[in-house]
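Trainee: Spelled out from the first residue to the last, the chains are:
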Amino acid sequence: MLLQQLINGLTLGSVYALIALGYTMVYGIIELINFAHGEIYMLGAYMGIITFGLLTTLHLTSPTSGATLLIMMVMAMLFCSACGVTIERLAYRPLRGASRLSPLISALGVSIFLQNFVMLAQGPRDRGFPHLFAGEGIDLFGSRISAIQIFIMATSVLMMVALQLLVHRTKIGKAMRATAQDMQMASLVGIDVDRVISATFLIGSALAGVAGVMVGMYYGLINFFIGYIAGIKAFTAAVLGGIGNIPGAMLGGLLLGLIEALGAGYISSEYKDVFAFAILVVVLIFRPSGLLGKDISRRV
Amino acid sequence: MPTPRRSIAIIQRPFPRIVLTSLWFGLLSLPLMMELQAPFFGLGRPLLVSAGVAVASLLRLAVSQRGGPGAERFQRLMGAIGGAGRDLVGQMNRRVLYVVALASAVVIPLGLNRYHIDILTQVGIYVTLALGLNIVVGLAGLLDLGYVAFYAVGAYTYGLLSTRVGLSFWEVLPLGGLLAAIFGVLLGIPVLRLRGDYLAIVTLGFGEMIRITLNNWDSVTRGPNGILGIARPKMLGFTFSTPIQYYYLILAIVLLTIFVVDRLNRSRIGRAWTAMRDDEVAAEAMGINLMRTKLLAFGLGATWAGFAGVFFAGKMTFISPESFTFFESVIIVCMVVLGGMGSVLGVILGASMLVILPEMMRQFALYRMLIFGGAMVVMMVLRPQGLIASSRRGIALGPKDRQGSASAAVTSFR
Numbered sequence: 001m002l003l004q005q006l007i008n009g010l011t012l013g014s015v016y017a018l019i020a021l022g023y024t025m026v027y028g029i030i031e032l033i034n035f036a037h038g039e040i041y042m043l044g045a046y047m048g049i050i051t052f053g054l055l056t057t058l059h060l061t062s063p064t065s066g067a068t069l070l071i072m073m074v075m076a077m078l079f080c081s082a083c084g085v086t087i088e089r090l091a092y093r094p095l096r097g098a099s100r101l102s103p104l105i106s107a108l109g110v111s112i113f114l115q116n117f118v119m120l121a122q123g124p125r126d127r128g129f130p131h132l133f134a135g136e137g138i139d140l141f142g143s144r145i146s147a148i149q150i151f152i153m154a155t156s157v158l159m160m161v162a163l164q165l166l167v168h169r170t171k172i173g174k175a176m177r178a179t180a181q182d183m184q185m186a187s188l189v190g191i192d193v194d195r196v197i198s199a200t201f202l203i204g205s206a207l208a209g210v211a212g213v214m215v216g217m218y219y220g221l222i223n224f225f226i227g228y229i230a231g232i233k234a235f236t237a238a239v240l241g242g243i244g245n246i247p248g249a250m251l252g253g254l255l256l257g258l259i260e261a262l263g264a265g266y267i268s269s270e271y272k273d274v275f276a277f278a279i280l281v282v283v284l285i286f287r288p289s290g291l292l293g294k295d296i297s298r299r300v
Numbered sequence: 301m302p303t304p305r306r307s308i309a310i311i312q313r314p315f316p317r318i319v320l321t322s323l324w325f326g327l328l329s330l331p332l333m334m335e336l337q338a339p340f341f342g343l344g345r346p347l348l349v350s351a352g353v354a355v356a357s358l359l360r361l362a363v364s365q366r367g368g369p370g371a372e373r374f375q376r377l378m379g380a381i382g383g384a385g386r387d388l389v390g391q392m393n394r395r396v397l398y399v400v401a402l403a404s405a406v407v408i409p410l411g412l413n414r415y416h417i418d419i420l421t422q423v424g425i426y427v428t429l430a431l432g433l434n435i436v437v438g439l440a441g442l443l444d445l446g447y448v449a450f451y452a453v454g455a456y457t458y459g460l461l462s463t464r465v466g467l468s469f470w471e472v473l474p475l476g477g478l479l480a481a482i483f484g485v486l487l488g489i490p491v492l493r494l495r496g497d498y499l500a501i502v503t504l505g506f507g508e509m510i511r512i513t514l515n516n517w518d519s520v521t522r523g524p525n526g527i528l529g530i531a532r533p534k535m536l537g538f539t540f541s542t543p544i545q546y547y548y549l550i551l552a553i554v555l556l557t558i559f560v561v562d563r564l565n566r567s568r569i570g571r572a573w574t575a576m577r578d579d580e581v582a583a584e585a586m587g588i589n590l591m592r593t594k595l596l597a598f599g600l601g602a603t604w605a606g607f608a609g610v611f612f613a614g615k616m617t618f619i620s621p622e623s624f625t626f627f628e629s630v631i632i633v634c635m636v637v638l639g640g641m642g643s644v645l646g647v648i649l650g651a652s653m654l655v656i657l658p659e660m661m662r663q664f665a666l667y668r669m670l671i672f673g674g675a676m677v678v679m680m681v682l683r684p685q686g687l688i689a690s691s692r693r694g695i696a697l698g699p700k701d702r703q704g705s706a707s708a709a710v711t712s713f714r
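Sequence order for the protein chains is A and B. Numbering (our numbering) for the first sequence: 1 to 300. Numbering (our numbering) for the second sequence: 301 to 714.
Some hints could be false.
With beta-carbon atoms standing in for the labels, derived distance ranges [said to hold, decoys possible]:
1. G123/A <-> G411/B: 39 to 45 Å
2. F225/A <-> L320/B: 30 to 36 Å
3. F225/A <-> F559/B: 37 to 43 Å
4. A278/A <-> G523/B: 19 to 25 Å
5. N589/B <-> I229/A: 37 to 43 Å
6. L536/B <-> I285/A: 36 to 42 Å
7. G137/A <-> T463/B: 34 to 40 Å
8. R96/A <-> L359/B: 49 to 55 Å
9. R395/B <-> R177/A: 57 to 63 Å
10. D518/B <-> A278/A: 16 to 22 Å
11. T625/B <-> R96/A: 50 to 56 Å
Derived by calculation from the structure, the hints in this document are not laboratory data. Positions of the beta carbon are idealized from the N, C-alpha and C atoms, including for glycine.
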């Protein structure tokens with residue numbers, strides 16, 4: 001029972017972590033809570049279904065092949081990246097330098113727009129996600145890890161390792177870190193800040209897109225409203241770990257998933273969201289900048 | 301801005317750029333809008349999106365061709381209108397203006413039908429809420445994304461005390477405000493040390509916690525079924541029942557709110573709030589007790605949500621957790637920001653717009669929220685400081701804005 005809850009929690013948590021990364025990266029660079037990020041995740045899930053539909057209509061695939069899954073995820077990543085970059089260009093870039101709340105309202109507007117756009121274009125009803133996993137999973141001390149859980153956790157870890165390498169080993173990663181530290185100084189030393197910000201949105205959105213496809217497969221159903229709750233959860237995870245901090249988002253996501261699974265399993269499934277938020281408040285009382293966040297000294 | 305490379309230089313020219321932009325949006329909407337079973341795979345709709353984007357870009361180009369980018373021109377125009385409006389208000393006798401506004405608020409609804417009066421009552425509820433939140437967000441600069449929780453506290457206070465204890469509306473009204481204020485302070489205490497966006501998520505979480513609790517605590521709140529049969533307000537043996545009676549009741553509450561919030565704004569506490577908003581460290585150095593000031597903002601802000609909640613329960617005679625979602629909090633924040641943070645007039649305008657516009661768009665039914673979301677973005681991009689920027693805030697802005705609002709600053713301090 002405990003082990004089973006831990007496995008479920010880690011699965012959910014790794015998805016939260018993937019979405020939280022997008023929040024935290026954007027926040028780290030332009031200090032914006034990108035409320036539309038949850039919607040990007042939702043778009044990713046839809047793109048998965050749409051790609052699958054396209055592939056089957058064109059008779060290009062058998063529904064259980066691994067290649068189908070790969071194509072679905074790549075398409076979702078491409079589509080979400082394109083959307084993320086476009087949203088930044090359209091709704092956030094003109095507001096750079098305005099008061100902090102203006103881009104936030106703009107982000108909420110984008111979120112409402114995308115939700116309703118998808119509702120109108122794809123219909124308000126739940127859509128079934130194709131079952132692509134025939135695997136049996138593994139028995140582990142009487143608990144069961146299903147194939148899809150293994151897949152979700154492995155993919156998330158892979159993505160996070162790739163992101164770490166990108167941020168710490170590449171030129172664009174270096175530029176991102178510099179921009180996050182001080183945008184003005186970064187632009188003075190010749191970094192094209194606009195491009196770095198676009199790259200940040202691109203990467204964050206791609207991660208959310210992958211998360212969308214994986215959650216769609218895990219639960220089997222998606223609708224136009226899934227971005228809302230996932231967005232709030234992922235944002236909570238990002239803050240829990242210390243917003244702006246990449247390893248923090250990963251840790252926060254995993255912790256939140258575990259807390260939820262254990263709370264739902266042992267206390268009450270109806271109150272699991274209350275539980276998650278309560279933990280967040282307690283953590284923030286003792287560590288106001290999150291678990292891994294640095295205590296930022298205020299510039300006067 | 302680095303010089304564009306030769307290969308992308310062509311994109312910088314207006315017409316290729318517009319063509320590419322519209323194709324890009326067509327491409328983005330393609331996967332969501334196409335239908336494989338439809339004739340031509342339903343490609344018409346993405347093409348329509350492309351065409352729409354092209355028209356919009358052409359319009360924007362046409363505006364920006366004559367002097368400066370379009371957005372800036374629009375800004376200047378809006379600024380001029382705002383300034384002229386303020387000058388006009390400043391020159392007219394303020395008392396006369398208030399009397400005219402009040403008289404029209406009293407008289408005009410007499411000639412309207414029930415549906416329109418109901419909308420005006422709705423406006424009243426949201427003006428009260430937005431003015432309350434304005435204390436927290438606009439004046440004190442604390443981003444609260446769970447404000448609807450206090451609204452819920454007010455509504456459930458009346459709902460429960462009316463159906464279980466049998467207290468009357470007028471007994472509960474102050475109680476609801478008080479209880480909401482207590483909740484506000486309770487929320488305020490743990491978040492005193494938090495800054496900016498950490499505060500946002502904790503308040504959001506608080507709002508969700510209240511809603512989830514209301515939804516699941518069946519023995520007390522009857523869960524998602526809500527509370528039925530809440531008593532209507534009575535006064536001197538007369539029971540409020542028609543829309544117009546409720547309208548006058550909320551009008552009275554709104555007037556009280558405007559009066560108190562305006563006085564607070566000009567008081568010592570109000571100045572402490574704005575000082576804290578602009579720079580916490582400097583404010584503390586000037587001897588402002590940050591803890592006390594923040595808690596006062598949370599408490600006094602929540603009070604109005606409590607009043608609005610009690611009224612809401614009394615009017616609807618039925619409440620359920622569904623009325624108190626995160627979306628409501630978002631809408632109230634939008635009212636404050638769209639109208640112009642810190643400005644009482646702006647917030648009233650913002651609240652009225654965000655209630656009335658969606659009602660007017662009812663004929664577009666399905667597309668209503670789509671347009672609403674898009675309009676929020678466009679509005680913010682064109683006018684980030686809100687419809688009517690607070691005059692006190694205007695003084696702190698850069699030299700370009702200073703000219704526009706200098707006269708306004710004079711009038712507001714007269």
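Trainee: Against this structure, judge whether each hint is valid.
Mentor: Comparing the hints with the structure gives:
1. Under the hint 39 to 45 Å, the C-beta atoms of G123/A and G411/B, about 42 Å apart, fit the expected range.
2. The hinted window of 30 to 36 Å between F225/A and L320/B holds, with their beta carbons roughly 33 Å apart.
3. Here the CB-CB span from F225/A to F559/B is close to 41 Å, well matched to the stated 37 to 43 Å.
4. Between A278/A and G523/B the beta carbons are some 20 Å apart, a value that agrees with the proposed interval 19 to 25 Å.
5. In this structure, N589/B and I229/A meet the distance hint of 37 to 43 Å, their C-beta atoms being roughly 39 Å apart.
6. Between L536/B and I285/A the beta carbons are some 49 Å apart, a value that contradicts the proposed interval 36 to 42 Å.
7. Our hint of 34 to 40 Å for G137/A and T463/B is violated, since their Cβ atoms are close to 51 Å apart.
8. R96/A and L359/B have their C-beta atoms about 24 Å apart, which leaves the hinted 49 to 55 Å range violated.
9. Separated by about 59 Å at the C-beta atoms, R395/B and R177/A satisfy the suggested range of 57 to 63 Å.
10. Roughly 20 Å separates the CB atoms of D518/B and A278/A, a value that falls within the hinted 16 to 22 Å.
11. Against the hinted window of 50 to 56 Å, the Cβ-Cβ separation of T625/B and R96/A comes to about 31 Å, which falls outside the hint.
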